[in-house]
Amino acid sequence: MTHLGDLLSALLDGELDSGARRRTEAHLAGCESCRLELARVESARGALRRLPMLETPPGLIPGVRRGRRFLSPARVSAIAAMAALVAALVIGPGAPGTAFQLDDLGDQHDARVVGDPGIATFRGDRP
Amino acid sequence: MRTWRVLAAVTILLGVPVSASASDDQLAEHLASDAADEFHGSGVVMSTWGGDTATGTYDVTRRDGVTMTSGPMGDVMATAAHTVMRAGDEWYAVDFSDRSPWSLSTRYRLAPAEATVHMGRSADLFVVFDGDLPRVRFVVDRATTVPLVTEVLDGEGRVFRMAALIDLDDSEVAMPAAPQPTRMHMVVSAEAVASLPEWLAGYHRMDTYEAAGGGVQAYYSDGLFSFSVFEAARGATPELFRTATAFPASGTWYRRVVMPDRVWVHWNAPDRSYVLVGDLPPDHLVSALEGLPRPGERALLVRLWRRLFG
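Protein chains in written order, with our numbering: chain A, 1 to 127; chain B, 1001 to 1310.
Next up, chain B with everything else stripped away, as it sits in the complex:
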């Protein structure tokens, strides 16, 4: 599974220097700004979540508007026009038929920057607050505006995820090789999803799509973190979750798999199965689960009927 690669993106976050009088508007501006920097970097990313720890490495190259992230578990190339992903020996382009514009939740506030030095480079330390809680800390390289370190904190102020570059080269960056061959082009179609809430724990349901393999995808974002909820007819539990850690939330139990850059959660409601995947913090996850259909078993007669007649 190519789970490490999106978190690798923390290395390519900001494109504009940040002033000392930062605010939430400035945070949105910084997050949304185009980053024209050219660099090559390698880093480590890890998550620690309720006793589960996962660590991975990543490698990012950016030049001329092309960003290639690669590693042992997958490769992704992003350009202005396409996102191209590797599946085995082949690459395929993915486009969405509809995509709502990004916006940042008003719950986040950027504190004034503090000057610092990291990896021998001049940098700025930024803290993003979620209400009164520090939620994210960035150490951003001044020369390239590339984040050197990103720490994400849980609701109790503990770092549960960290990404750090261990190598950064912003001179003579080679152009990433174009992925070959790219034979497939997958267009993800919009699909109306009435069963999933429009808002979950402050995350807005931005778009809904047909899901690969059947079912639907609801994509939620608060502008800083994001997750997808996949809903399908009740089916078998994926192998990955059969021995996964069970954890309680809102009085019931779910199974989770912690990856370096994200968490996967699976559960079965009486008639539907769900997978949630995203980079949201643990406390946000628990709140989001409270708003979704709860785990449960079918009534006996329903199970009998389904077994006999499908």
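Extracted from the complex, chain A is given alone in its bound form:
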């Protein structure tokens, strides 16, 4: 039997859609193990919420945002998908830009060289 695992956190965070929520609740109704696990998670969260708030000394941990919650599986998935998209955009080949047309550039260089003296000059009478 497959237990709910991380779905419990998503359930508590209210992040399941109606279908997933019904299936999760149906599983909980028949699964003692998952009900106990859900109770432990709820209890732990409640205990955390009851802890006193302490002021962090200024500069102790720069940039730490207080009150951040653990990421739910749904959020982790969304962040992972976004990271993959960014990686594809940055690292992936993307649409090729315009490449030099070397024949045209060679002609343009040759045409400029013609008429100038020099050892590589294809000289007619100069203009």
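Calculated directly from the structure, the hints in this document are not laboratory data. Keep in mind that this is a model prediction, so the values were computed, not measured. It cannot be assumed that every hint is accurate.
[What the hints assert, rightly or not] Selected chain B positions facing chain A (in silico; Cβ < 8 Å):
id, residue
1, Thr1083
2, Val1094
3, Met1119
4, Ala1212
5, Val1216
6, Phe1230
7, Gly1235
8, Ala1236
9, Ala1244
[Claimed, not checked] These stretches of chain B come out as covered by chain A in the derived footprint (C-beta under 8 Å, 3 or more residues):
id, segment
10, 1046-1059
11, 1169-1177
12, 1283-1292
[Claimed, not checked] Away from chain A, derived, C-beta distances all over 10 Å, residues of chain B:
id, residue
13, Ala1078
14, Ala1111
15, Gly1131
16, Gly1215
17, Gly1251
We put the beta carbon where it would ideally sit given N, CA and C, even for glycine.
Given chain A's structure and the hints, the job is docking chain B onto it.
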């Protein structure tokens, strides 16, 4: 690609006999002199550059001020008024809206000539020095003043490029056939280019133009060698360079393609792409690259932004 044809021009270099008391002024005079000789010649040209070797053949006819160079990879006809080039089955004329006058760098010096014989013809051997280094050796036919052999040396005194006539006929030269049809006339417009240096390794940025297909062309010359730098918005690497030889210069890497008469170099800077094409020697090339934007990748956020918003 019609890469062999400009080097074919080494066969039509000089028009005035050279005295034994040559100097850099005389070199400029010889290079700039009009050549009225009529001849037909066929030759071989090759370059050896860091393990890359390329060989080609050329065929040159000159008569009445018209010079036709032709071969398997392209044809060019030059007259006093026009340069006409072949593209497929068609010819087109190319003119530049502006063209700075040619001048020879003072770093070159022509050593006194030595008499010699080549292909059974009386000739003179000339050596052009670049500072203390021999840079070019010519064997010039006395009767026609056409160079029979041209050797270009790198910074270590090794020949890296050589062109040699294997056949020269200066009697009863047939007039080159006029190219037909010539329907297109391309005028290359001058374009201000602020991003590329005025001087590179002793080469002066003579002119700047709009480049075919977008971007700009900066044409550099020291009077003896020349090259163009094409700069455009960063784009895809041309197919020719995807498997080209990578070579180091000034602490970074570039890709090059060695042709019989020239070298092509390509690289991508963070926001621009570059192609350099010319006949400059390897040591000059490395010095020139040091003065140009270096290869590099865009910052991650810039790449992301460009992918999303162009």
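Hint compliance check: list the failing hint numbers for this structure, sorted ascending.
3, 5, 9, 10, 11, 12, 13, 16
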